[in-house]
Each structure stands twice: as structure tokens, then as C-alpha cells.
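Visitor: Given next are the chains, with one letter for each unit.
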Amino acid sequence: MLKYHMKGYSGYGVAYSPFYDNKLAVASGSNFGLVGNGKLIILDIMPNGQLVESNSFLTQDGLFDLAWNESHENQCLVAQGDGSLRLFDIKLKDYPIAIYKEHQREVFSCNWNMIQKQMFVSSSWDGKVKLWSLMRPQSLMTMSPNDTNAASTLSRTSAVAPVRVPMSNQKEHQHADGNKECIYQATFSPHDPNLVLCSSGNSFISLYDLRVPNNGLPQHQFLGHGGFEALTCDFNKYRPHIIATGGVDKMIKVWDLRMCRKMLSQGHQPININEIQGHELAVRKVTWSPHHSNMLLSTSYDMTCRVWTDLSDDGHGLTGKTNSIDPAHGCRFIFMEHSEFVFGADWSLWGTPGFVASTGWDGQVCIWNGIR
Amino acid sequence: MSVCQTNPLNTLVSKSGYRFGQPNQHQQSIAQQQSRPRNNALDHQFSQFTGASGPSFAHPQHQQLPMAAVVANATTAASTTSNTATASDHHVWIDQFANMQVHDKTEFPTDYKQMYSQYEARGASYSMGAPVMVSHSQMFPRHQQSLMVNQLESQAYASSSAKLDEQFAELERQVQDDEKEQQQDKDDDFHLKETSPLDEDQRQLKEAAQSIYTTLSDKSSTTSSKFSNSKFLGLMRNISDGVITLKKNPDEDKYTELYSPSTGETFGEEYFPVQDSVLGDPLDSIGDLSNMSSSEAAAKVYHNSV
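Order-wise, the sequence lines are chains A and B. 1 is the number of the first residue of the first sequence in the working numbering; add one for each residue after it. 1001 is the number of the first residue of the second sequence in the working numbering; add one for each residue after it.
Each hint should be verified, as a subset may be incorrect.
[What the hints assert, rightly or not] Which residues of chain B face chain A? A partial, calculated answer using Cβ under 7 Å: (1) R1173; (2) S1230; (3) F1232; (4) L1258; (5) P1261; (6) E1269; (7) F1272; (8) V1274; (9) S1277.
It is worth saying that the hints were derived from the structure and are not from the lab. Glycine included, C-beta positions come from ideal geometry on N, C-alpha and C.
The whole structure should be built from the sequences, with the hints applied where relevant.
Guide: Rendered as C-alpha cells:
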């Protein structure tokens, strides 16, 4: 296992470069991201196994996520607490090469399109998901997943009060309405450049087809975690219809989007094809393996990272099983080295399948093998 | 005549003290409302039957009475539904009824029932071996969900109403303390201008920190030892105790650091102001290269860069 400690900074996101097998970028914030600067740190994995900081960029506010440019080996995008997205060139110093600022509040996630490589998407506490082109300072499209009838009905009538996560308690964060509005993550499908999936604080999972004009409303939407905040979502890299979501109910749920067709109609709830139980606190991030169709990684507030096998698929087809039939709930590996909440994790595309980089509020960046 | 001594109905009557045929007040009132004319006659007949005093069991309504419900497996179903019952038939019927045993053929075997009750006893949190697809969140009592930062309680299922009461009492104490503090602050303001009370944002951070600390610190799970060493939790405790709070940067009018109001010391990371600027395009400095030959343009770019 390799370790690097970012002194004074807490890690929020980590990502392997899609171009270099030895480069990692880490998004971080000082004082656990509560107040103060943020920092983008570029780490190089040296041949002797050391992690070395090759460049870093100090920012005005905490950084909550990052994404490498899929079409340029030196560019890295960060999501910042002041509502801006910033593009850095890791060969340059000090300042970003572009700023994209439209969000009203903290930007919590950003994701680069792997097929139409000039596009990226961001999601924010202001309840918006924005689609951007690299060359334009203004966004191409703004989506409002929380403005649907279903979502507003839920917030009006439901006794389910989404509960609060200690995400980052900057000054305007402490409103009584909690994080209902917050879109914690938005991500493109790796199979179709026009599909965007997002998970929000009102527990809804929303799916957009960018080709369909719909006033910023999603094509499909369903309640993912029974009223608890849905903190994360990810597309399976091999099965185009399969997604995983994680939430404050400590569950990871696997859904088949083909079973989620009539989602906007009231009262129709799709059923998840699998659910994975085991984390002791809220699940912060889930990521499917780039090398396996039935393996995923999760991070949690319980200070662990876990690698799971999705037992509903054996690599060839559906098995009809769920992870609850397994005594270990399909858990393959528990990584316990972190000493605070674990936020970011990414599978390595490089080398032997199974390497994972993780980071958390303890400021550690760890690289380990999750499927030995 | 003691034919019916083993009749379960009799046993029920003798044990419950309820006299069939002597309706209680409720029944009487219903009876009066419905004003059935035959009521008294019926009662009389039925009391005779239950008292086993004689074979006066001739009213067809009586035959429908207990039978329809219980008879399912009784072997005498045919005879009991007969409307042409005679006095001697009654004895036969009563005997059969006394010997009747209710037996459900579709019932599960005893060992299965035992296993199932064992399974039930394990409780909902132990769902191994059964593919439970019900979200656990749906099992939570609703009122728990309204608690702030509830997701951080790993023992959410276990938290009882006693704990809720405790938390409520705690909250009340905090409110009272806050009120006292505010009162004190008001008093102090006359004497000490520098001990300014917390502003809205600082107060909210303090409240959030309090709820985070209380929910995370009283956990009784395997991660509790981890949390006891957590620096974040330590910070939350300090903030909730009022030792540390947000510090505003007067230049940027936003909170940038944590500090201790009593000593004025900065806590945690120092804030460095960062200019909000973008690196220019390096090609901008080259200028206009139109109307130049390639060698002239190359010479100009070369001289500019040297």
C-alpha cells in the first residue's frame, strides 16, 4: 500500500489520469472543508513506490470534486465551494486557465464525457445540473431534477425529512431545510454520450437524455433511498442499463434502468435488482470497476472503503440472486486505513486490475489493491 | 341431562360467566333498535340449548349459527345443514359436535413452525439467509427520521424512545443554556464590548457541531474507538463547546478561518488569499502575424520569446 499525507487538507476527490499511468489528482479542502482554502494536488507514483507531489494549486475555497480532461493529458477540472468550476493545466503554475461560474452555491461534482470529449457536467447545492462545453464560458444547458411534480409532492407531503450530512458547513450551509435541494453527483453514461444520471438530497435518482428538450426536467426519476439523501450514483461500465446508487440509509442499491420506465408517474416505484448492506454509516461514493461487470467500490462515513461483488450478475448474465444471500453480503475487501470519513475513491485503469486510490478527511491518499 | 357436558360451548359459558340468551345491555339496545319481534323466543330457545336442558333446538336459525364458521373439516357437515332435524337427530349432532376436532390440512409441519418462530425472534436487523429486499429505512419509525444528522447513528434501528427523550431533554437544556448565555451576553455588553456574542452563522455552525458530536460520540459500534480518535469529532466538540468558532476575513467579508474567541488564536489551517484570475493565452502576446511571410512571422515570434 502506498500512502501520501496532505498536511492540513482533507481529501474530497481523487482520480487517476486517463493518460498517464502514474498520475493522480486530488481535490481537497482545509479545516475538513469547513472554511478556508482548497487545493488541487497532482501526485506522481514514482518507480520506487513513493508518492510525490509534482504540482499543486491553491484555491479560494474548498474543492469537492475533480475530473480529468478526456481529450487533453494536462488538464484537470475542479468543482469549488464558491460555485465555480476551474480548469487547471498541470504543467503551469498558480492560476487556472479557465473559470466556469454559474452555480449559485457549492459545486459538489463534475464529470467529463468519455465519448463527446469536449463536454462536462457539474452538479451543485443550488439544485441545478449544468452541461458545459470546454470552449464556452457559459453553460450549454441547465437541468433542474428537483423541479418535477414527484419531487415537489414529496417535499410538500412527505413525513420523510431528509436528514443532514456534515458535508461542509460553510456559512450559508446551515439552513433549516437541510440538503434537500442539493444534487450530490451528476455523471455521464460511459455508453451513451447523451445520458446524464444524477442523485439528489431529496432521495431522487434522475436520468436525463440530453437530446430530449424537457425544460430541464428529467426523462426518468425515482425515489432511490426511501427518503434518505442519495449521495452518489454510477453507471456500470459493461452493462449499459445497470446503475448503482448509495445513500444515507447506508445501502448501496443496484438498479436496472429498463425497469424504471414509468418513473414520472405518481406512485410508480421501480424495484432495485440488488441491494448491498454492510456499511455502518452513510455511503458517500460508489464506483463500478472498469475491469469487471460485477464489481464495485464504495466509500463511507464509517471510515472504510469496501469492494463488493454484485451477486445479481456473474459476468455472463443475471443470476437472480441478491447480496443478502451471502454471509458477507458480497464484500470482498474492507480497507480500514483511513482515520476519518472516506470521501473519494477511484479504480486504476492501469496495471493489474484491482488497484484503487482513496482519500478522506484525514488527508491521506492511499493506493491499495482491492481484489487480491 | 348431561349430554353436552364436554361441549366446548358449555365450557366457554361456564368459564366466562357470560349467559347466552341473556343479552347484555349493548345487545339489548341493538335488539331494540332492530326491534326484532322474535327476539325473546329466540333467546329463550338458545338459553335452553346452552343450558342443555332439553331438545328444544328446532329453530332453523340456530343451525346456521355456529356451524358456518367452524364446520369446515367436520365430518358431519351434511347432517348439520339439514333443515329437517328431528329431536333424536339433535343428540347425534351434539355428540358429533362434541367430538369434532378442527384440523387444518394446509397447516405447516410443527418443526417448520418452530424454525420460523426462531427466525422471527432474531429480529429484522439479522436478515442473513433470506433475500430481504425491503429497504431498512422503511422499517424506521418515522419520528426518528426527523432528527438531524440521524444518518450518522449506526445504531439507528436500536435507538429507543428513551434515547429520544434523552436527546430531547438535552436539546431543551441547550436551549435553556443558550437563553441564559444570551441573557448574560446582554448583561455583559454593558461592561465588556469585546465579548461579542456569536452571529447567526457562528451559532448555526455551533448547533450543527453539537448535533454531529452527540450523534457520533455516543455510538456503541465497532467504529466508536475510531471516532474517539477522530480529529474531526474533536473539532466538532470544541465548536459545540464554544471554544472554537468561525473567523471572518474583513477584506473578503467571508469566513475563512477557525479561531478561538477567548485567546484569539487561529485554529487549524491559516487562510491564504488567492487572486481570482485566469492565466492568459500564451499566444496572445505574439500579436498580429497577418500580412507576414512565414519567415518574418517566425522571426517575430522568436524575438518576442527571447
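Visitor: Which of the listed hints are not met by the structure?
Guide: Going through the list in order, the structure violates hints 1, 5 and respects the others.
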